[in-house]
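Novice: Here are the chains, one letter per residue:
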Amino acid sequence: MLLVIFTTSKAQLDIGTHIILGYGAGSTGISNAYTAPYNAGNNAMPPSEYLNDRFHHSSWMFKVSRWDENVYVDTDLSIFSALVPGTIDLFTPQYF
Amino acid sequence: MHLFLEQLIYSPPNTFNKTHFTNSGKLRKLDDNTGKGDAEGVGINAPIFMFDMAAGGSGWYGGLIWGYSLWGVDDVVGSGSIAINEKQNVIQHLGLSLKKGFGSPIGPSIVSLEANRLTMLYEGQDYKRKVIESALTYKVYSNSDNGAFIGLYAEAYYRFQTFNSFKGEVNPSVAEKPNLTMQSIGVKVGAVLSWW
Numbered sequence: 001m002l003l004v005i006f007t008t009s010k011a012q013l014d015i016g017t018h019i020i021l022g023y024g025a026g027s028t029g030i031s032n033a034y035t036a037p038y039n040a041g042n043n044a045m046p047p048s049e050y051l052n053d054r055f056h057h058s059s060w061m062f063k064v065s066r067w068d069e070n071v072y073v074d075t076d077l078s079i080f081s082a083l084v085p086g087t088i089d090l091f092t093p094q095y096f
Numbered sequence: 001m002h003l004f005l006e007q008l009i010y011s012p013p014n015t016f017n018k019t020h021f022t023n024s025g026k027l028r029k030l031d032d033n034t035g036k037g038d039a040e041g042v043g044i045n046a047p048i049f050m051f052d053m054a055a056g057g058s059g060w061y062g063g064l065i066w067g068y069s070l071w072g073v074d075d076v077v078g079s080g081s082i083a084i085n086e087k088q089n090v091i092q093h094l095g096l097s098l099k100k101g102f103g104s105p106i107g108p109s110i111v112s113l114e115a116n117r118l119t120m121l122y123e124g125q126d127y128k129r130k131v132i133e134s135a136l137t138y139k140v141y142s143n144s145d146n147g148a149f150i151g152l153y154a155e156a157y158y159r160f161q162t163f164n165s166f167k168g169e170v171n172p173s174v175a176e177k178p179n180l181t182m183q184s185i186g187v188k189v190g191a192v193l194s195w196w
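Here the protein sequences come in this chain order: A and B. Numbered continuously in our numbering, the first sequence closes out at residue 96. Numbered continuously in our numbering, the second sequence closes out at residue 196.
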């Protein structure tokens, strides 16, 4: 598909200065996100087990950009909107 | 007695099984948490600010990337106790990009390959974790018939980050975190307005 995009139509790269208002969403998978257990009262446990997790997030987007034949500038300001937590169970100690 | 036997039989050394410590905690889904900090987690990787500037010719551009993204709430485990960083951290991005602009059936588009140096900044503590990030971004703008270039915008990105293990003094213990990797994908859509 990328090859098709590369080979179709003549490039028109001079779009000048522009503003973009929009919305974005993403997903991040992370390894070793948490330790389990954190601690168990006075019986400190070694951090021997780590949990993976995944977060989904969304943000409002505001861009001011310029693109002409010789210069490309993209300034992207994102305002955090929402977070959908991952699917794992998180161990929650009660001693803290 | 039953619990003791269960621990004796099923608990290997240095391994924790939540079912063996019935009084030490409970499991709950993250989305059941009511505290804002509980639900924000680590590794959110949401963008905050990104400045991308490049120069070149014939559709090829080379440039600089600088910005920040959201890390979230982190925890640092000590050998004798625990220190939890309860404030949100940010990650600083600083790196280079190679871009190729070309036409597409939708309109002008540009693909960007980035190599960034990341610095995880722990708020309120003098800790930094530095790593390398690889990122691939594709941006496309829809064509406009009136020449004012008012149209639609779409962007897709993939980021791969590897953080080295972390070890440092957190009074009164030694804090440590293992290596971790993050992979992030996302899309952005928007309306393009001409600058006035």
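It should be emphasised that the hints constitute simulated quantities derived from the structure, not laboratory data. It is possible that some hints are incorrect.
[Claimed, not checked] In the SDA-like style, the derived pairs of lysine to any residue whose C-alpha atoms are separated by at most 25 Å in a straight line are: (1) B/Lys128 x A/Leu77; (2) B/Lys130 x A/Ser27; (3) B/Lys128 x B/Glu114.
Novice: A separate judgement is required for each hint: does it hold in the structure or not?
Specialist: Here is how each hint holds up against the structure:
A C-alpha spacing of about 24 Å is found between B/Lys128 and A/Leu77, which places the hinted pair at or below 25 Å, so the restraint holds. Restraint check for B/Lys130 and A/Ser27: satisfied, since their Cα atoms lie roughly 22 Å apart, inside the 25 Å limit. For the proposed pair B/Lys128 and B/Glu114, the alpha carbon gap of about 21 Å is at most 25 Å, so the pair holds.
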